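S.K.: Following the numbering used here, the numbering of the sequence shown begins with 1 at its first residue and continues without gaps.
Derived by calculation from the structure, the hints in this document are not laboratory data. Misleading hints may appear alongside valid ones.
What the hints assert, rightly or not - Straight line, CA to CA, 30 Å or less: simulated BS3-like cross-link-like pairs of lysine-lysine: (1) LYS181 - LYS170; (2) LYS178 - LYS201; (3) LYS170 - LYS149; (4) LYS79 - LYS99; (5) LYS183 - LYS201; (6) LYS162 - LYS149; (7) LYS162 - LYS178; (8) LYS184 - LYS162; (9) LYS196 - LYS178; (10) LYS196 - LYS183; (11) LYS164 - LYS174; (12) LYS198 - LYS208; (13) LYS162 - LYS174; (14) LYS184 - LYS196; (15) LYS178 - LYS164; (16) LYS198 - LYS181; (17) LYS181 - LYS201; (18) LYS201 - LYS174; (19) LYS174 - LYS184; (20) LYS164 - LYS183; (21) LYS178 - LYS198; (22) LYS170 - LYS183; (23) LYS145 - LYS170; (24) LYS164 - LYS145; (25) LYS162 - LYS145.
Keep in mind the model is a prediction, meaning the values are calculated, not measured.
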Amino acid sequence: MPLVTRNIEPRHICRKTIPTNIRSELECVTNISLANIIRQLGSLSKYAEDVFGELFVQAGAFAIRVNTLGERVDRLQVKVTQLDPKEEEVSLQAITTRKAFRSSVTQDQQLFTRPSLPMPVQDTYTTCDPPPPLNILSQYREDGKEALKFYTDPSYFFDLWKEKMLQDTKDIMKEKRKHRKEKKDHLNQRTLNPRKIKTRKEEWERRKMGEEFVVPKNEMMNSSEGLNGSIGSGEGFTSEGLELSLSGSPLPVPCSDDFLPPPPPDMS
């Protein structure tokens with residue numbers, strides 16, 4: 001639905017009753033039409049003056065903003081040209097102790113309020129019929145609400161928007177708390193299983209006891225050592241060789257038959 005801000009009056013030029021005592025009706029209608037056309041031209045000139053007046057005010061405000069921005073650009077250009085990237089004029093301590101930059105530009109708020117209405121819209125608003133005096137019935141209500149708001153409520157859409165924004169903010173905060181709680185529970189439930197650091201300490205400990213305790217790398221994967229490096233903690237381990245080495249007696253010399261291949265099936 002379009003909102004008409006300026007109505008040119010009168011809208012109907014020839015719509016008027018002719019008096020009964022008029023002898024020449026055509027001449028009367030012509031005079032009435034010319035008079036209404038002149039009134040329309042006057043209304044049009046008035047609205048044209050209003051339009052150009054608003055344009056003049058807006059152009060003046062725009063020119064002030066452009067001049068202010070140009071002055072800021074000129075000051076910034078002078079500072080930039082005076083800077084030398086090879087010369088450090090400010091120390092690190094001075095930079096850390098200096099206050100952070102804070103913009104002094106204020107954002108425009110409450111743009112669509114009653115005082116901000118254009119003059120044509122205010123004139124149209126004043127010509128409207130006032131609402132019925134239903135506020136006199138508010139004193140008889142038990143819920144404390146204004147009776148006029150059941151007939152007309154200009155702040156209805158603003159209150160509806162405010163409730164929606166507050167609900168969206170609550171939902172966002174609730175979602176953040178939920179993610180924060182899930183992250184905390186995940187960190188608490190996670191079990192850490194650090195890897196064992198591979199060192200050659202165990203190998204050098206065996207070398208101190210003797211060359212016979214040195215285990216090749218290919219056999220260390222299948223050895224019966226425990227996780228803590230102790231010997232004899234695995235299954236099938238016999239301490240016979242260890243006792244012989246500790247007692248000082250020499251190890252048994254393998255027989256020559258031990259190195260012979262197995263006999264063929266016919267000779268067995």
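S.K.: Evaluate each hint against the coordinates.
M.R.: To see whether the hints hold, each was checked on the structure:
With a CA separation close to 16 Å, the supplied pair LYS181 and LYS170 stays within the 30 Å bound. A hinted pair counts as satisfied when its Cα atoms are at most 30 Å apart, and LYS178 with LYS201 does not qualify at roughly 48 Å. Of the pairs offered as hints, the one joining LYS170 and LYS149 holds, with about 28 Å between alpha carbons and a cut-off of 30 Å not exceeded. For the suggested pair LYS79 and LYS99, the alpha carbons sit about 19 Å apart, so the restraint of at most 30 Å is met.
As the CA atoms of LYS183 and LYS201 are separated by approximately 40 Å, the hinted pair breaks the 30 Å bound. The suggested pairing of LYS162 with LYS149 holds, with an alpha-carbon distance near 18 Å, which does not exceed 30 Å. With a CA separation close to 24 Å, the supplied pair LYS162 and LYS178 stays within the 30 Å bound. A hinted pair counts as satisfied when its Cα atoms are at most 30 Å apart, and LYS184 with LYS162 does not qualify at roughly 33 Å.
Between LYS196 and LYS178 the alpha-carbon distance is near 36 Å, which puts this suggested pair outside the 30 Å criterion. Restraint check: the Cα-Cα separation between LYS196 and LYS183 comes to about 28 Å, which is no more than 30 Å; the hinted pair holds. Straight-line distance between C-alpha atoms of LYS164 and LYS174 comes to about 15 Å, which keeps the hinted pair within the 30 Å bound. For the hint pairing LYS198 with LYS208, the CA-to-CA distance comes to about 19 Å; that is within 30 Å, so the pair holds.
A hinted pair counts as satisfied when its Cα atoms are at most 30 Å apart, and LYS162 with LYS174 qualifies at roughly 18 Å. The suggested pairing of LYS184 with LYS196 holds, with an alpha-carbon distance near 27 Å, which does not exceed 30 Å. The straight-line distance between the Cα atoms of LYS178 and LYS164 is roughly 21 Å, inside the 30 Å bound, and the hint therefore holds. For the suggested pair LYS198 and LYS181, the alpha carbons sit about 37 Å apart, so the restraint of at most 30 Å is broken.
For the suggested pair LYS181 and LYS201, the alpha carbons sit about 44 Å apart, so the restraint of at most 30 Å is broken. Between LYS201 and LYS174 the alpha-carbon distance is near 54 Å, which puts this suggested pair outside the 30 Å criterion. Pair hint LYS174 plus LYS184 holds up; C-alpha atoms about 15 Å apart against a cutoff of 30 Å. For the proposed pair LYS164 and LYS183, the alpha carbon gap of about 29 Å is at most 30 Å, so the pair holds.
Taken as a hint, the LYS178 and LYS198 pair is broken in the structure, with Cα atoms around 41 Å apart against an allowance of 30 Å. A hinted pair counts as satisfied when its Cα atoms are at most 30 Å apart, and LYS170 with LYS183 qualifies at roughly 20 Å. Proximity of LYS145 to LYS170 is assessed by CA-CA distance (about 27 Å); at most 30 Å being required, the pair is judged to hold. A distance of roughly 22 Å separates the Cα atoms of LYS164 and LYS145; the hinted pair therefore holds under the 30 Å criterion.
For the proposed pair LYS162 and LYS145, the alpha carbon gap of about 19 Å is at most 30 Å, so the pair holds.
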